[in-house]
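Student: Read off the chains here:
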Amino acid sequence: MEDRLSASRTDVGGNFPRYSAAVQGFRNYWYPVMLGRNLRKRPRAVTLCGERMVLVRDQGRVYALHNRCPRCGVPLSAGRREAQGTLTCPHHGGAFDVQTGWLDGRLTGGPDSPSDGQARVATYPVEERAGLIWAYVGDEPRPPVERDMPRELLRPHTVVEGVISRKRGNWRYAAENGIDEGHVRYLHRRGFYTFFREIPAWTTLRMGPSADGDWLTRIVENVVWSDEYPELGRWPRSVPFWESRARGALEIGIRLPGWLRIQQHGWTSFEMYVPSDANHYLSGLLLCGQAQGLAAARFHAKYFLWYRWAYHGLFHNTDQWIIEQMEIPPERLFRPDASITAWRKLCDDEGRGEPIPAAPPAGGRTHEPVGVGGK
Amino acid sequence: MEDRLSASRTDVGGNFPRYSAAVQGFRNYWYPVMLGRNLRKRPRAVTLCGERMVLVRDQGRVYALHNRCPRCGVPLSAGRREAQGTLTCPHHGGAFDVQTGWLDGRLTGGPDSPSDGQARVATYPVEERAGLIWAYVGDEPRPPVERDMPRELLRPHTVVEGVISRKRGNWRYAAENGIDEGHVRYLHRRGFYTFFREIPAWTTLRMGPSADGDWLTRIVENVVWSDEYPELGRWPRSVPFWESRARGALEIGIRLPGWLRIQQHGWTSFEMYVPSDANHYLSGLLLCGQAQGLAAARFHAKYFLWYRWAYHGLFHNTDQWIIEQMEIPPERLFRPDASITAWRKLCDDEGRGEPIPAAPPAGGRTHEPVGVGGK
Amino acid sequence: MEDRLSASRTDVGGNFPRYSAAVQGFRNYWYPVMLGRNLRKRPRAVTLCGERMVLVRDQGRVYALHNRCPRCGVPLSAGRREAQGTLTCPHHGGAFDVQTGWLDGRLTGGPDSPSDGQARVATYPVEERAGLIWAYVGDEPRPPVERDMPRELLRPHTVVEGVISRKRGNWRYAAENGIDEGHVRYLHRRGFYTFFREIPAWTTLRMGPSADGDWLTRIVENVVWSDEYPELGRWPRSVPFWESRARGALEIGIRLPGWLRIQQHGWTSFEMYVPSDANHYLSGLLLCGQAQGLAAARFHAKYFLWYRWAYHGLFHNTDQWIIEQMEIPPERLFRPDASITAWRKLCDDEGRGEPIPAAPPAGGRTHEPVGVGGK
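Chains as they are written, first to last, in our numbering: chain A, 1 to 375; chain B, 376 to 750; chain C, 751 to 1125.
The hints are simulated quantities; they were obtained by calculation from the structure and are not laboratory data.
Below, a list of computed lysine-lysine pairs in the DSBU-like style, where the Cα atoms sit at most 35 Å apart:
1) B:LYS720 with B:LYS542
2) A:LYS167 with A:LYS41
3) C:LYS917 with C:LYS791
4) B:LYS542 with C:LYS791
5) C:LYS1052 with C:LYS791
6) B:LYS542 with B:LYS677
7) A:LYS345 with A:LYS167
8) B:LYS416 with A:LYS167
9) A:LYS302 with A:LYS167
10) C:LYS917 with C:LYS1095
11) A:LYS167 with C:LYS917
12) C:LYS917 with A:LYS41
13) C:LYS917 with C:LYS1052
14) A:LYS302 with A:LYS41
15) B:LYS677 with B:LYS416
16) B:LYS542 with A:LYS167
17) B:LYS542 with B:LYS416
18) C:LYS917 with B:LYS542
Far from chain A, by Cβ distances over 10 Å, these chain C residues were calculated:
19) LEU789
20) ASP808
21) GLN834
22) ARG897
23) ARG916
24) PHE945
25) PRO959
26) ASP962
27) ILE969
28) GLY1016
29) ALA1047
30) LEU1055
31) ASN1067
32) LEU1096
33) ASP1098
34) PRO1105
Ideal Cβ positions, reconstructed from N, Cα and C, are used throughout, including at glycine.
The following block holds chain A by itself, in its conformation from the complex (with noise of 0.2 Å):
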């Protein structure tokens, strides 16, 4: 089963070598991993790239260290904060200096502990931005962290307003679901979300570049409502009279290295697929909009009453739901998915650090990331 959600996909249409090795995503990026706002004195753990983390907030700012202690193996998720800029691990008091790794000395050893200076745990980049802590996983220099960051998350005055969980199933199968055109006309359908909604039978669309040029976005061109089909009859056969052309979204783009941006009128819904392990994605959902005062107010309470739980909720699990079922290889595309094909196109020319393969199996793997040495 796990298997399945982690196939390294070598036959995707059209072969794209890069993104069928990303089993665990792209280096050299910056990746949303959770809300600032639910780091609090607690530490936190995160996989992001196959990369366990603990993230810690000291004096405000947040920082990530690996998730392990060098000594042997604890995680400093469930450690404390002995001594400020420090993160202690629960076991025997190894404090960890949460900004370089070092390990700055060990409680139960003493002062003059010989392995002091000893012991460093890896680091990575974090920045906190928009509401959302970002991490980066790869070389440097490192990019700016705007650079990964949609233009809408850097304007002034921004509301955000989401949710980060972890789900099973491969970042790329959530990547393609968001992008896929044609579910939206079947799998949604009947969904409580669009209740009140028409949705077309069908439309044919191209893929091109956002104004903005960030995004590659779908372009629909035909809209069809209902249709004839020579073998199945007409389809959808009739329209219940409470259902509207509701105005739909102005636009859909997809970017590296896992975003989808839903422009709507007034708000713009966001959806990122950050990989976390061969198995699994974070999910991010936020609705992101410009607001002071009582307009933000509003905005905060229409999320919590309304997209929450619908459109992020129920809307949300029915898109799980199949990304959970999806087993490829093999695969066989149709029309519609030219917009899957383009975005693994884009990948696959445009992803900017190494894919990073699926971890090794346990046993064979030690946990030692990259960059941990002596002093």
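For chain A, the structure is supplied; the task is to place chains B and C on it using the hints.
Tutor: Just chains B and C now, kept in the frame of chain A:
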């Protein structure tokens, strides 16, 4: 654990290479997979001889397709039927002809979708007889389903009750437990179903054909109700006053591809050990008689009031527990196991099609059954 | 996950090849596996050093057989005793002599079953001493059980209380946690059991033999209750008024094949880390004193009212949590870990029999222990 239940038993007593290889059964048989009344509007998934099928009822008739949409592997059993004669994938609305398996059209791709007629899922021959759905896994030309049906099921006024469910354990363990003479004398001695029945200490038996020639039967030659064992003393030591030497079964026989027939006075009990995957089998438990009108109503009533929970429930749960505990190889048979050896030899000599080995481990398999191709 | 807990730790500090190989312990030792009072009429299954055993009490004496009927692998621990001196398989009534393991007869095969005397299950030497059941895995001639029992258990008027239970984790992780000086100073600092006790910040220690020569003990040379750490400041910063410098243990020592002795004023605590399989150990926690009459009653009462839940419960649950978190290799020891390195060296130098490696993966194993053969 799972491995234990599906061992490819290379050392079964006497060397039966075809039987040892038949981890997922023999090809070229009709297997019962479901009670007909349990298949209504909703498609149902079933795994038979390692083949994942979806059963669907359309205008009264039953069809079986490979349970995997060729686009990306979503199970068709989660789908709906948008047009008569088709089954529609829940993901993108690909509608497959239930009879031929051809993709009749993809609703979200439009009527002129160029991929039409380019994809197909495998189909499996299915028949509905005697209240059961029968599926065929194997080569053409296929035998008539009647050849694989016990005669009792083909008689006029046949009434059938029972249950088919998926259980843990390889089908061969279940079949061997069924024909095993010895375990009845000990394992079932203290069960609720046999509470009022005195059970012999031991018997001798030989195996021979049934009167109708279809079955390999246990012919009991000698019944000993209690005996003196040199190193163990008398056993059973005493018989409770409430036990009596009830009339036993008239005849117990087994046949390929995994049927047990227990002829009772006035009715017949069948057990079916249908290969599902290497670690599971479909356990079919049937009661069958000939009755009309009031007698038929009495048959159904007796089944639900007594046999269903006491015999198909409690009694067989004990067998199921043993099947899950078994762990072969190695094994070391004894005299009463002549029934098992004869059954193995029967399979080895007369198993109709090729033995079906265990499926390759996940990751190596393509999930694409034989028989998929272009129109 | 499981793999992590049983790593065959090839890189433990200092290179100890025999210890590294002893994934399932060392041969030629007596191991305590169960409290005697927990074995009554019902046979009990236990896995020791990778050997699956059934313990059975017959006429007061305890016997151990390989827990697998040779016919088809059903566990004998599910059986009954139809005749004195035998254990009967629940499947076909094969009765095995508990002393020799020979098949005395198969009830359902009749007294003259030709297979009698043709099958045998392995037996294991067992002794019951000091309220514990001891089993031996190894070669003959075997040492007397007394050689592997702590002397305290052999004294007159010894009273023993405790619990033996199967836990996740390799036995070596548990043993190293037991002798680990440093973790007491930090991991257990905030526990309920040590609530009123001030705990030192750090100590220095050396390892040396106990007075009676049986144990490798931690000899604390220096106790520092609070200290100034160059990069971390003072720690602990303050001592709550309710804590006091209680009398600690008199001496803590470890010995093969995995015993920890904690000598207290008036009583002794033992911890046993008994290899079960690669990923589990039997955790034995004992309290032991010398008392008679009212004093003995007081000992038992104190155990059930306090030690059982506070010490053997809460306190050791914290250790168990750490044992399940550990993940070696790699590891990087520090000064207080001299106790661990000394223990590893002890095992490497003095481990009596051969180290027992991890069992081959399921599928490759035959489940047939050494010692099975014809009469």
